[in-house]
Amino acid sequence: MPSKQFSPIQVAVLGFALSLMSLAPPASAQSADQDWSQTLTAAAGQTVFFNAWGGDERINAYIAWAGDRVKEDHGVTVRHVKLSDTAEAVNRVRLEKQAGKTSKGSIDLLWINGENFAAMKAGELLFGPWAEQVPAFGKVDVVGKPTTVLDFQTPTEGLEAPWGMAQFNVIVDDENAPDFPTDLGALIEWSAVNPGRFTYPQPPNFLGTTFLKQAALALSSHQDALYEPVEAADFERVTESLWAFLDALHPNLWQRGRNFPASGPAAQQLLSDGETAATLSFFPLEGPALVTADTLNAATVVKGFDGGSIGNTHFVAIPFNSSASAGAQVFANFLMTPEAQIRKQSLDAWGDATVLNEASLSDAQRAALLDATNGLSVSIGPVLPEPHPSWTDALEAAWTQRYGS
Amino acid sequence: MSLDLINLSAHIGAEPLFSGVSQSIDPGHILAVMGPSGSGKTTLLNIIGGFAASPVRWTGEVQLAGRRLNSLPPQRRRLGLVFQTPLLFPHLSVGQNLGFGMPSGQSAVLRQATIEQALSTAGLTGFADRDPESLSGGQRARISLLRTLLSQPDALLLDEPFSALDEATKADMRAFTAAQIRNTALPTILVTHDPRDAEAMDARRFHLPPS
Amino acid sequence: MVALVSVPAALALPVLVVLSGPEALVQAFALPGYAKAAGIAVISAGLGTVLALVLAGALLSGVAGRSDRWLRLSMPPLLATPHAAMAVGLAFLIAPSGWLIRLLSPWATGLDRPPLFSMVQDPWGLSLAVGLAIKELPFFVLLALSATRRDSLQPAFRAAISLGYDRHTAFAKIIAPHLLKALNLPIVIAFIYGISAVDMASVLGPTTPPPLSVLALNQVSDPSAEGWRLGLALSLHLAVLTFAALLILGGLVATMRAVAGRWASNGNRRSLVGTALAAASLVGRGTLVFAVLALLSLLLWAFAQRWRFPAPWPQSWTGLDWVWARGLMSVESLNTLWLALASALIGLLLALAFVLAERQARTVTTRGAMAWSGLAVLPLLIPQMTLIPALLLIDLNGLRLPPWMLALWGHVMFTAAYGYLTLRGPIMALDPHYRQVALALGRPRWQALLLVELPILLRPIMASLAIGLSVSVAAYLSTLTLGQGRIETFTIEAVSAASGGSRRTAAQFALAQAFWALLFFFSALSVPDLLYRRRRGLAAHVA
Chain A
1 MPSKQFSPIQ VAVLGFALSL MSLAPPASAQ SADQDWSQTL TAAAGQTVFF NAWGGDERIN
61 AYIAWAGDRV KEDHGVTVRH VKLSDTAEAV NRVRLEKQAG KTSKGSIDLL WINGENFAAM
121 KAGELLFGPW AEQVPAFGKV DVVGKPTTVL DFQTPTEGLE APWGMAQFNV IVDDENAPDF
181 PTDLGALIEW SAVNPGRFTY PQPPNFLGTT FLKQAALALS SHQDALYEPV EAADFERVTE
241 SLWAFLDALH PNLWQRGRNF PASGPAAQQL LSDGETAATL SFFPLEGPAL VTADTLNAAT
301 VVKGFDGGSI GNTHFVAIPF NSSASAGAQV FANFLMTPEA QIRKQSLDAW GDATVLNEAS
361 LSDAQRAALL DATNGLSVSI GPVLPEPHPS WTDALEAAWT QRYGS
Chain B
1 MSLDLINLSA HIGAEPLFSG VSQSIDPGHI LAVMGPSGSG KTTLLNIIGG FAASPVRWTG
61 EVQLAGRRLN SLPPQRRRLG LVFQTPLLFP HLSVGQNLGF GMPSGQSAVL RQATIEQALS
121 TAGLTGFADR DPESLSGGQR ARISLLRTLL SQPDALLLDE PFSALDEATK ADMRAFTAAQ
181 IRNTALPTIL VTHDPRDAEA MDARRFHLPP S
Chain C
1 MVALVSVPAA LALPVLVVLS GPEALVQAFA LPGYAKAAGI AVISAGLGTV LALVLAGALL
61 SGVAGRSDRW LRLSMPPLLA TPHAAMAVGL AFLIAPSGWL IRLLSPWATG LDRPPLFSMV
121 QDPWGLSLAV GLAIKELPFF VLLALSATRR DSLQPAFRAA ISLGYDRHTA FAKIIAPHLL
181 KALNLPIVIA FIYGISAVDM ASVLGPTTPP PLSVLALNQV SDPSAEGWRL GLALSLHLAV
241 LTFAALLILG GLVATMRAVA GRWASNGNRR SLVGTALAAA SLVGRGTLVF AVLALLSLLL
301 WAFAQRWRFP APWPQSWTGL DWVWARGLMS VESLNTLWLA LASALIGLLL ALAFVLAERQ
361 ARTVTTRGAM AWSGLAVLPL LIPQMTLIPA LLLIDLNGLR LPPWMLALWG HVMFTAAYGY
421 LTLRGPIMAL DPHYRQVALA LGRPRWQALL LVELPILLRP IMASLAIGLS VSVAAYLSTL
481 TLGQGRIETF TIEAVSAASG GSRRTAAQFA LAQAFWALLF FFSALSVPDL LYRRRRGLAA
541 HVA
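Residue numbers (the numbering used here), protein chains in the order written: chain A, 1 to 405; chain B, 1 to 211; chain C, 1 to 543.
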């Protein structure tokens, strides 16, 4: 397994540059260490404005800890700009680009994935490639966890660095709903017996949209079509079974399917209040972590779905006009180190699964990783890859047309 | 040092209010301007004081000691105004109200002495630190007049100064005011609708004809 | 200097038209749920404003000619509580798993799990209307209290009572018409706020579809360039819809006034309206109790660790660590502080400049005076979601101010406008003779203003400063977008915590926010008391 990955384009450009008497020696692989030490030098004293969703106290505390660590080690100051919606930051970068503000941008590092990344990549709003050149990337499990370089089917190409692993799951109040089904088809029957006790965040919220994708993958007899561009498929035929499922399900959802919670946390609040008996999550350790934080009932269990659950990776990326791209790289690099990754996976901290290849870790590190989760597994069955990204908008639009207006 | 009104005419919009008003007031003399409401008494006073504003338009001339006032702003006309309500500044004490009227440049001690002396002429010795709100109507009216006199004006304009007072206080206040005018020898215009004011203060009457 | 406020507001609409482009403006009509979203927006904002107005009138009618102290003192906490926090509190109060049902369960209701019916997020935005009304109520009540304090109204009211009118009918016939006139601008502003704000709508409003403002915000949050343009187009639609609805509202009010004039002179001493007002006065007091309960539940949540259905009280409590972490010396606290102080002071100066310019212009023509009035409140007449991105664009394309300056500018636009609204009444009502006396005593104009008029007006000036401070403390969009994420305040934290759905965190930050707002409020109001404790005559000039 290669410890450093370069895209073919990079290699070609590199070769071309070398053949022209090496106009840019710092980019060569041999001088990577020297390159990194230059980045470290440039980073010292910089302030990195890290724009990241700020809706979870535990994640905020983790970011604050990581910021303190890079301040200690490298003299980089990290300021967490707490967003309520990542798209706000994406649009700000776009505005800055439109106005010709090509340096001294307001955002240095951004927590991102999926649609937001695709939009920024397409709009050429990102700095880099840089993510695969920083030293800590070497231990990322790009083979066993292919989504660390393939974000919702969009190749990352070194424009963003993997931070954590997500896998779709359902957190169930085992006391009130011991029989909550892991077969989505059986959910209709369960809801008929337990009306009002389940709901999902309203698409285009990413959890709600993922629920649609998960159901489409589980119920459709045209699974393959979901991995091809939506334009190539017969949308009506592929999604027929999905709409039949939702039509039957909605009358027995929370508030009879007339309203939906706006976000994952809002849906979680409903579970915590006892209004619903189950909620969707992207972090298999989130349920146990919420029990540890005394937010959820001790009798809470996490379940995957029959036939596998959709999995993906979340990343950090640097905007093209960052004022502190060196500092941002140093911070992103720290986030991928075993030290930061082990702590991140800890139930006491965040409970977010590592992107690292456990085989590349020392025995002590592996033990610490296991310890961090109280021995709980971060895996809940097979990982289903995300469908082709073109399905996201199409499913969201069709859902809104049918149920959201 | 007389106050002269020369051929004053006023309109409100297109409506004529009065015209051809010419009067001369000698030092220590009082002109009582009388007339029903709406006859332009207050407007006349505003024109002299420099407060006439749209929609009032006027022509003529106002002179004080031969000085033409027409184009001077109110604060440079050296006219002392007293209104129906005493308008003591509620955020200042009685003494501070009097001090507000006095010209600057004197020593603090001298100012204090002047204020005390003024208070004693009004029979209000020791009132300097009082809240104006704690004074009776008659007391307030006196302070108001004293404040104006301490500003050392060259003429006095009194706008219905007694109409808000009760009968007993009224008589008292007429006498006090008349005495002050004699002592300071200021030409004075008194706007009133009460003939007894003019009578008691020995004023020359001038009826504003509604034109 | 006043151009600082009006120019960006005037530029906002054209800038956005250019940016979204004609195609997106047309496409916006075709978005699923568009018509219903627009309907919900108008209904919830309109109903909320009317409800707040009726309840404010009823509360005032209840205290007319009596002591209004309790009413005056209970308003600032409600005014200082941010919209988002109030929405979270209200939602918790009336949700199926909310506090009211918890207090009654299971002993009275027999429920050990939350019921399935729900009073929040009804499809037509009625619960949103109630929430908006509760937040607009203190704004109306405070402004109405200062308007009824005018000398001529109270004797007129007593005269009506002595002519045999019952108190509520007398209020409706004598005081209400004056109020309706005095509150003209505030009504317009409350309506615009209600139709364009998203913080309350996203908690209490329906979701399928949501009100137009939330729909626009969701669309603006679309990461694709096309989706984003569609979002800008929607926010323009919102601005147009707002103006159209205001025209209708203006027509309604004018008709009402004409009818009211005829009705007032019909000689009836008792009336249905009077009876209705008496009833509404009770409802108004009930509403206040309701709002206080919502605040109380927030207070409990701020300290609750575990509080699950159907427990009537929290089952375990948090430590006090967060109080220190979010205390006086935190970054959020210092940012909140300097932004509030600076923007409120600058806003106050601008507001004074606007009112004095208007007073000056009024001596020449009424049209000139109205122009000043319009310029001063322009930033409030354009939905924030339209105004703030436009200001950012103007900055990016030319000025490139540092984020703190741009955020300060954004705050000043609002503190100046609210300052103008609160100062205009008292300054216009000030007896012009004070000024004339000062001038006649030989003092120059600036001294007449600085030494006489402004000190007499100290109370309303400080009240206006206090409102400016609380407006700045609660400002979200202008702090985040214009501060480009670099200025962390309690409101930023509170809204991002609310986006995470954590009642506890949202409540904690809302408390921190409300703490500052209230501290500012009461300290601003106590300055005149300290300075003028021996000057009773100033009581007549209370805001």
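No lab work stands behind these hints, which were simulated from the structure alone. Mixed in with the good hints, there may be bad ones.
With a Cα cut of at most 20 Å, we get these calculated EDC-like pairs of lysine to aspartate or glutamate [stated by the list, open to error]:
1) A/Lys139 <-> A/Glu124
2) A/Lys139 <-> A/Asp363
3) A/Lys97 <-> C/Asp431
4) A/Lys121 <-> C/Asp112
5) B/Lys170 <-> B/Asp129
6) A/Lys303 <-> A/Asp183
Output of the computed footprint for chain C on chain B, the stretches with three or more beta carbons under 8 Å from beta carbons of chain C [said to hold, decoys possible]:
7) 12-18
8) 95-106
9) 120-134
10) 145-154
11) 175-187
Pair ranges (Cβ atoms, derived) [unchecked claim]:
12) A/Gly185 <-> C/Met119: 30 to 36 Å
13) C/Arg158 <-> B/Glu167: 22 to 28 Å
14) C/Leu13 <-> B/Pro36: 53 to 59 Å
15) C/Ala264 <-> B/Ala14: 30 to 36 Å
16) B/Gln152 <-> C/Met370: 28 to 34 Å
Predicted model, so just to flag it, every value in this text is computed and none were measured. Just so you know, even glycine gets a beta-carbon here, dropped at the ideal spot from N, CA and C.
Comparing the hints with the structure gives:
no.	hint	in the structure
1	A/Lys139 <-> A/Glu124	violated (28 Å)
2	A/Lys139 <-> A/Asp363	holds (14 Å)
3	A/Lys97 <-> C/Asp431	violated (55 Å)
4	A/Lys121 <-> C/Asp112	violated (51 Å)
5	B/Lys170 <-> B/Asp129	violated (25 Å)
6	A/Lys303 <-> A/Asp183	holds (11 Å)
7	12-18	violated (count 0)
8	95-106	holds (count 3)
9	120-134	holds (count 4)
10	145-154	holds (count 4)
11	175-187	violated (count 0)
12	A/Gly185 <-> C/Met119: 30 to 36 Å	holds (34 Å)
13	C/Arg158 <-> B/Glu167: 22 to 28 Å	holds (26 Å)
14	C/Leu13 <-> B/Pro36: 53 to 59 Å	holds (55 Å)
15	C/Ala264 <-> B/Ala14: 30 to 36 Å	holds (33 Å)
16	B/Gln152 <-> C/Met370: 28 to 34 Å	violated (42 Å)
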